[in-house]
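Chemist: Each chain, letter by letter, is given below.
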Amino acid sequence: MEFFLQLLIQGLSVGFLYALAALGFVMIFKSSSVLNFAHGELLAIGAFIFLVFSVRLNLPIPIAFLFTLAGTFAMGFVIERLFLRPLIGEALIEVIMLTVGLAAMFKGLLLVIFGGNLFNYPDFLPKALTIEWGAITIPPVYVASFIIGIIFLSIFGFFFKYSSQGIYMRSVADNQPAALSLGVHVRRVFAMSWAIAALVCALSGIILGIMNGINVHDISIMGLKVFPVVILGGLESIGGAIIGGLIIGLLETFTGGYLSTSLKEVIPYVVLVFILLVKPYGLFGLVEIERV
Amino acid sequence: MEDNILLQLNNISVVYSDVIQVLKGVSLVVKKGQIVSLLGSNGAGKTTTLKAISGLLKPENGKVTEGNIVYEGHLIQNSAPEQITRLGIIQVLEGRQPFKYLTVEENLRVGTATRWGKPYKKDLELVYHYFQPLVARKNRLAGYCSGGELQMLVMGRALMAHPKLLLLDEPSLGLAPFLVREIFEIVKRINEEQRTTIMLVEQNANMALLIAHYGYVMENGKIVMEDEAKKLRENPDVKEFYLGTAASGVLKSYKEVKSYKRRKRWL
Numbered sequence: 001m002e003f004f005l006q007l008l009i010q011g012l013s014v015g016f017l018y019a020l021a022a023l024g025f026v027m028i029f030k031s032s033s034v035l036n037f038a039h040g041e042l043l044a045i046g047a048f049i050f051l052v053f054s055v056r057l058n059l060p061i062p063i064a065f066l067f068t069l070a071g072t073f074a075m076g077f078v079i080e081r082l083f084l085r086p087l088i089g090e091a092l093i094e095v096i097m098l099t100v101g102l103a104a105m106f107k108g109l110l111l112v113i114f115g116g117n118l119f120n121y122p123d124f125l126p127k128a129l130t131i132e133w134g135a136i137t138i139p140p141v142y143v144a145s146f147i148i149g150i151i152f153l154s155i156f157g158f159f160f161k162y163s164s165q166g167i168y169m170r171s172v173a174d175n176q177p178a179a180l181s182l183g184v185h186v187r188r189v190f191a192m193s194w195a196i197a198a199l200v201c202a203l204s205g206i207i208l209g210i211m212n213g214i215n216v217h218d219i220s221i222m223g224l225k226v227f228p229v230v231i232l233g234g235l236e237s238i239g240g241a242i243i244g245g246l247i248i249g250l251l252e253t254f255t256g257g258y259l260s261t262s263l264k265e266v267i268p269y270v271v272l273v274f275i276l277l278v279k280p281y282g283l284f285g286l287v288e289i290e291r292v
Numbered sequence: 001m002e003d004n005i006l007l008q009l010n011n012i013s014v015v016y017s018d019v020i021q022v023l024k025g026v027s028l029v030v031k032k033g034q035i036v037s038l039l040g041s042n043g044a045g046k047t048t049t050l051k052a053i054s055g056l057l058k059p060e061n062g063k064v065t066e067g068n069i070v071y072e073g074h075l076i077q078n079s080a081p082e083q084i085t086r087l088g089i090i091q092v093l094e095g096r097q098p099f100k101y102l103t104v105e106e107n108l109r110v111g112t113a114t115r116w117g118k119p120y121k122k123d124l125e126l127v128y129h130y131f132q133p134l135v136a137r138k139n140r141l142a143g144y145c146s147g148g149e150l151q152m153l154v155m156g157r158a159l160m161a162h163p164k165l166l167l168l169d170e171p172s173l174g175l176a177p178f179l180v181r182e183i184f185e186i187v188k189r190i191n192e193e194q195r196t197t198i199m200l201v202e203q204n205a206n207m208a209l210l211i212a213h214y215g216y217v218m219e220n221g222k223i224v225m226e227d228e229a230k231k232l233r234e235n236p237d238v239k240e241f242y243l244g245t246a247a248s249g250v251l252k253s254y255k256e257v258k259s260y261k262r263r264k265r266w267l
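Chains as they are written, first to last, in my numbering: chain B, 1 to 292; chain A, 1 to 267.
It is worth saying that the hints were derived from the structure and are not from the lab.
Heads up, simulated DSS-like pairs for lysine-lysine below, C-alpha to C-alpha not over 27 Å straight-line:
(1) 121(A) <-> 161(B)
(2) 138(A) <-> 122(A)
(3) 161(B) <-> 138(A)
(4) 100(A) <-> 279(B)
(5) 188(A) <-> 231(A)
(6) 161(B) <-> 118(A)
(7) 100(A) <-> 161(B)
(8) 118(A) <-> 164(A)
(9) 161(B) <-> 122(A)
Everything numeric in this text was worked out from a predicted model, so none of it was measured.
Input sequences plus hints: build the corresponding full structure.
Modeler: Shown next as structure tokens:
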């Protein structure tokens with residue numbers, strides 16, 4: 001029973017981590033229909049920027065954290081401005097291939113600058129975050145992942161549901177010509193979605209870095225994890241990204257705990273196949289509203 | 001130039017994808033506070049004319065290649081829609097185009113994009129005042145609303161932007177006759193009560209000429225006729241070809257249709 005609870009909590013916190021990473025992916029897809037193949041690299045960049053601020057420059061952790069968020073947010077804008085904007089109006093496949101290129105470029109740059117070694121953050125999470133409950137011990141990083149996940153997912157949930165800027169972003173995703181006709185600044189919305197995506201990627205990159213250490217290859221591989229999550233949840237749904245993230249997180253930890261650690265990587269995909277057989281748009285994907 | 005001119009198109013030509021010429025020298029004038037209607041058959045270039053004004057040609061790879069568009073002293077041909085909408089020109093697209101996955105009220109809120117951050121509660125009330133049926137649908141996804149509700153929704157959405165010039169593209173499309181009457185009544189009230197200048201593209205020439213002050217008739221990318229709406233309604237050619245009430249009451253032969261065409265070239 002203790003083992004089960006331990007796995008449950010760990011699974012949920014891994015799930016929130018995936019959900020956060022998937023949120024960025026869904027944002028970009030929702031607003032501009034672009035599948036971002038450089039997603040894992042955005043995670044890695046976030047993790048390394050935090051590494052630079054916290055270790056190399058030795059800034060206090062909260063400040064390093066804020067700087068990382070601000071820096072990646074700005075970086076998202078720049079990426080959109082430099083690489084994506086010139087391709088507005090071109091075929092979607094070209095834009096998607098561009099993100100494949102971006103992935104290679106970012107990864108290469110990180111390897112040139114930092115090399116392929118494993119780095120670690122200093123142990124800065126307060127011990128008070130550890131949960132000890134009878135035989136169960138949850139390391140602080142899982143608790144932190146849980147908390148950060150819930151905080152940021154609700155912030156973005158409210159942002160999209162109630163704020164004007166969030167509604168404009170959804171309107172662009174919904175019907176671009178109509179949004180243009182009402183004066184919604186579509187290019188700004190694209191830039192905004194890249195900026196937000198880069199920011200949440202940095203968040204999940206940092207958490208991943210604390211969990212497993214920071215290595216260019218390991219973190220950018222995590223970008224692939226985003227695919228089962230978003231396909232399961234439905235590509236357009238932020239709620240779906242959260243549920244999908246939690247399901248994949250739980251599945252992974254339970255398979256890892258009860259069956260074997262090597263099955264861990266495979267089982268999520270197997271379940272994904274079965275869910276898609278029943279719900280081809282994913283659990284919360286948009287089923288085209290058609291009034292006949 | 002007269003003071004009460006809001007918008008002036010001077011001999012504009014529009015070309016799509018560098019090859020397809022749709023407008024061939026269109027000139028028209030819209031006076032402040034009026035309803036101006038633009039009539040014509042399918043493919044005459046009415047929608048293109050509206051899009052040239054609102055800047056929505058650009059995303060469709062269209063361009064104003066000749067002539068200019070003057071709006072309140074600004075030259076706006078080929079400007080981006082974000083700029084043109086901020087000058088107070090809002091186009092209501094043909095075929096309604098709601099944001100399907102947003103609720104009715106969220107749809108209306110998108111109308112505040114040109115003045116982001118300003119209060120909008122009063123405007124919501126105003127829209128609900130003109131379009132009563134929307135109140136009950138407030139929290140429903142727009143994708144599940146009826147055609148009439150959607151037409152009200154997209155017009156209300158445009159109204160949220162405080163337009164000085166509202167471009168309406170076929171508001172009567174696919175609506176039941178009594179709804180068409182209701183919509184046109186509201187258009188007229190908005191024009192009178194909000195002092196919004198309106199440019200109305202319509203197939204339903206009868207209705208359009210009833211509420212309009214001035215009318216233009218387009219054929220093949222050109223303006224072929226213009227006059228005050230009252231006079232246009234009396235014009236025998238317009239009567240026959242757009243209002244469906246030929247003076248004689250009998251269908252004319254094709255020979256005479258041709259003679260009409262010939263006459264038009266003179267205009």
